[in-house]
Amino acid sequence: MTTAISVQNLQHRFGEFTALHQIDLDIAAGEFIVLLGPSGCGKTTLLSILGGFLTPTSGRVLFGERDMTQVSPKDRPTTTMFQDYALFPHMTLTQNVGFGLRMRGQNHATRNAKALEMLDMVGLAAKATTRPHELSGGQRQRVALARALAVEPEVLLLDEPLGALDLKLRRQMQDELKAIQRRLGTTFVHVTHDQEEAMAVADRIVVMNQGRIEDIGAPQDIYLRPASLFSAQFMGEINLIPASPSAQGLQTPLGPLAVPAPAGEATLCIRPENLGLAGQIALGEARLTDVAFFGTHYRCHFTPTAAPDLSLIAHLPQAGHPPIGSLHPLFASHASLLPEKATP
Amino acid sequence: MGRILTWAYMALIYGFIFLPVGVLVLFSFQDSRLPVPPFTGPSLRWYAQVLGDRDLMAALGNSLLVALISSAVALLLGFLAAHALARYRLPGSVLIRGLLIAPMTVSYLIIALGLMTVFNQIGLRPSLLATGIGHVVINLPLCFAILYAAMGDQQKNAERAARDLGASEARVLWHISAPMLMAPMAAAFFLSVTFSWDEFIIAFLLTRFDVTLPVEIWSMLRSGLSPKTNAIGSLVFLVSISVLILLELTIFRKPRQ
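Chains as they are written, first to last, in the numbering used here: chain A, 1 to 344; chain B, 1001 to 1257.
For reference, chain B alone in the conformation it holds in the complex (with noise of 0.2 Å):
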């Protein structure tokens, strides 16, 4: 009887949860212009429509770059801030430490409106560069506190000794901090290129002409339901589940011993 309770709680606990993109990948196949029951189908007409749409296929390339390009900043920001907290007594580095994680608690729509005003006043129009400082301000924090904690006495001593041996300090950070922080660094990057990837409310504001795939479905959305929306979003899920299984494989994998 408990097992059988446990099996149909988990279940509905999977059920809950994977039930709105399992009928969002189901509808996509869908061979009828409306993404309802019944599902008329299997047919893959949408997705070949998705690959020949010169905007979205466009939008997805800037989501790539904006992505790519956003994470990396954010990671090496992140990881230069947190080698300095972890490393240097500094004066007020509670404060310091508190400011830069600071952005994680405040809305992506609060950010997206200072951030608006700001270019606004220097004069950056909205734009992929826009959106993507608007992804490192979101991204840096996550980058610092994955970065902060897993900075340990094991790479402090390993970077005395490689200054002992020589190094400069460009150098312990290049060859010893970094490849040592390989796996936190790779899952910081990752994450952040999700993050960056799905992020609809800032690149909604901040982009105008050339916008991200998240604006561009938004703005199919506008025009109504359909199938075609459903095999976009299959795509973004398939991009961001493969992400997720390569982080699962090769990061999170215990290490062997």
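Here chain A stands alone, though its shape is the one from the complex (with noise of 0.2 Å):
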């Protein structure tokens, strides 16, 4: 099952402090949403809005065409998995499982089939008549997933579930939330400040800053073409240099780029992967200051000659670096250039 969610006008206040400040958000149905931005940004609240835990201070939230503004969490179709994963200790993982399912009327018989066909879809079935205490937290967070999906949620909400991972667990539950979000089609709302998480999953992230959505799109879309600086500073280290417009084009400290200019104030963005010894923005001569080999690229801070203040990093194959200290004209690609003034 699966809903489109429509969040109108949101605004949400814990006494003095607005957590959220009028948000809109569409969500469509059968989509992997991402709200990522750092801690106190306002994505956990506006994930217990959904989830019916908080109430709005202003503001709607509908699913489909159905008001939820005020819908209690236990008559939402919404389920959560929440970070700590708040298994029930004193149940085997068939009774977890199949809790949600119990308070829906469902009996014993019924209930249990279905949560076998979760514990194995997670790969657990072998573990059913155990007790969480028994589990390693990446199969209690399997548990806390399948717990989640048994009802067949409407929506599936995910608060940082996979923060007390380490890596490789991560990446690995990373594919299989995917897998299955694709295969059951249910709508999924992932909270997290991990950007390469939320690239990982999401057909659409929206990145949150101080309780306002900053920018909205695919992952290539906002890590190659962010709405602003903070949303392209988020998703990665980038290169940012002042620019503003002149009658040769783009005035910078490099001096002029053969870019189009912008009305005003501007800053151009360069990932370090797009920084190099060839592309298609000439950025005049640098020397290679410093390098560190990063397993997958070699990471290399250039300065300028015509700007000598400024270090651009680059990232540069692993094939081999230049000697350090020697001068190399430097080229940008995918550069992108937003109306806005960096604060250094």
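By construction, these hints were calculated from the structure, which means they are not laboratory data.
Check before you lean on any hint, since a few could be wrong.
[Claimed, not checked] Restricting the straight-line Cα-Cα distance to at most 27 Å, the calculated cross-link-like pairs of lysine-lysine (DSS-like) are:
#1 A/168 / A/178
#2 A/74 / B/1156
#3 A/114 / A/178
#4 A/74 / A/178
#5 A/178 / A/127
#6 B/1156 / A/127
[Claimed, not checked] If you want a taste of the chain B side facing chain A, the calculated C-beta under 10 Å gives, among others:
#7 1154
#8 1157
#9 1158
#10 1159
#11 1162
#12 1163
#13 1171
#14 1172
#15 1176
Quick reminder that beta carbons are idealized off the backbone N, C-alpha and C, glycines included.
Build the complex from these two chains, which are given one at a time in their own frames, with help from the hints.
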């Protein structure tokens, strides 16, 4: 089951503190949405409002055509995968996973069969009669997922569910989450502060900051064509070059560049992997000052000859890097121009 | 030298605590009519008398009834109060908490006098019911305090998950909150049972025809010392200590991990 979600003019205050400012967001049925942002940006507040744990100060939440703003969690077609899993320690895995069905009045045999099926889906059917404390973190995670999905919710809310797992397990769970979401077609709303995780699973990412939505779009759009400097910086390392319009095109500390000029003050954004010894936009000469090997690439610091105060970061291929101290013409590709002034 | 002193100190302390009980139990096996040295026995005649005494056995039944029912009521009320105060921010919750615990600091005599006045006003005669209510009054703060301290974030999160999965408030309490607090609930219940079982002043002032065991023992004592009172005292002690051992073996045992 699945549903579209529409958040309209949503505002939420905790006393004097405004956690969400006038949020509008439309989520399509069956979409995998990730709410991404630093702690305190309002992403968890928004998720709690979707789950019914908080009633917004103003605004509306619609599931399809149904107004859910005042509906309590138990009556919503949502379930949540909690950050700390929140499994019931006194129940077996089967009882944990079957709990939602039990609350919906299903008989013992039906709910046990469904619980086993869900446990099988997450690869834990063999542990059906054990209790949560006998499981590892990753296994508890899977039980929490099975429990949340057993009632066939229209929307699954995921509150930083992978935060406590190690990197390898996290990657594996990301793949599984994505695969399960594709298969079930349920709308997933996933909260995280990890931009890699967001890109790994999301159909669309919603970047949030200080209670506002900064950017919405597919991972590649957000990463390569961010809508704001915040979004650009949050999605990963980026070179920011101050720019202003001039007769020759774009005026920057590196000199005029062959980029269409903006109307006012702007910032040129270039990802480190789009900066190198070849490319579409010539940035002039720069000196290689520092190199570190990162496995997938060399992370290199370049100081442009025209702007010795500026340090640009480039990711050069594993194959090798020029000697430190040498001068090279530097090029950029996929540069984007944002009409905001970078604050150093 | 130090070791000897430590052992001597320990023997002294345990002797101090258990000598009266030991003497009580010893002279319950006395063969003669007075529970004073020299010890003549052992004999079980006083136990036979106690078990054959209809009034005493009735009082024992009354005591059990009052202890079990009043403890169950105190536990239920204490649990609901603790849950509400731990989960919801209520206006004046500090004051409410203070008022709930306050009866612990008031002497049983004062509580009994207060209850006597109130019951007199509303026309409730001294009875086992009145005593049971009195025992709820003294045990509710205990149950509340134990359960309030036991309510942690783990339960809170599990309760939230249960609501999310469609459980109503009553079912959250029944399926999640209460079972997760099984150990402290049992501790609170059995402590309440032992307190009610031993309680004399309230039971003395609030019963008349049907009395509890401590009141019956007191009326036996008025007719002078007898190994029979030692025997019934030993039985009371046996029940208390059994509950305690049961608690120790089941609830206070370190959970296996």
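Tested hints:
1. A/168 / A/178: holds (16 Å)
2. A/74 / B/1156: Holds, at about 16 Å.
3. A/114 / A/178: holds (21 Å)
4. A/74 / A/178: Satisfied, since the Cα-Cα distance of roughly 26 Å is no more than 27 Å.
5. A/178 / A/127: Distance ~24 Å between residue 178 of chain A and residue 127 of chain A Cα, so the pair holds.
6. B/1156 / A/127: Holds - the C-alpha atoms of residue 127 of chain A and residue 1156 of chain B are around 26 Å apart, at most 27 Å.
7. 1154: holds (7 Å)
8. 1157: It holds, given that the least Cβ distance between residue 1157 of chain B and chain A is near 4 Å, below 10 Å.
9. 1158: The hint holds - residue 1158 of chain B has a Cβ within 10 Å of chain A, the shortest such distance being about 5 Å.
10. 1159: holds (9 Å)
11. 1162: holds (7 Å)
12. 1163: Nearest chain A Cβ about 5 Å off; hint holds.
13. 1171: holds (7 Å)
14. 1172: OK, holds: residue 1172 of chain B within 10 Å of chain A, min 9 Å.
15. 1176: holds (6 Å)
Checked against the numbered hints above, the structure breaks none of them.
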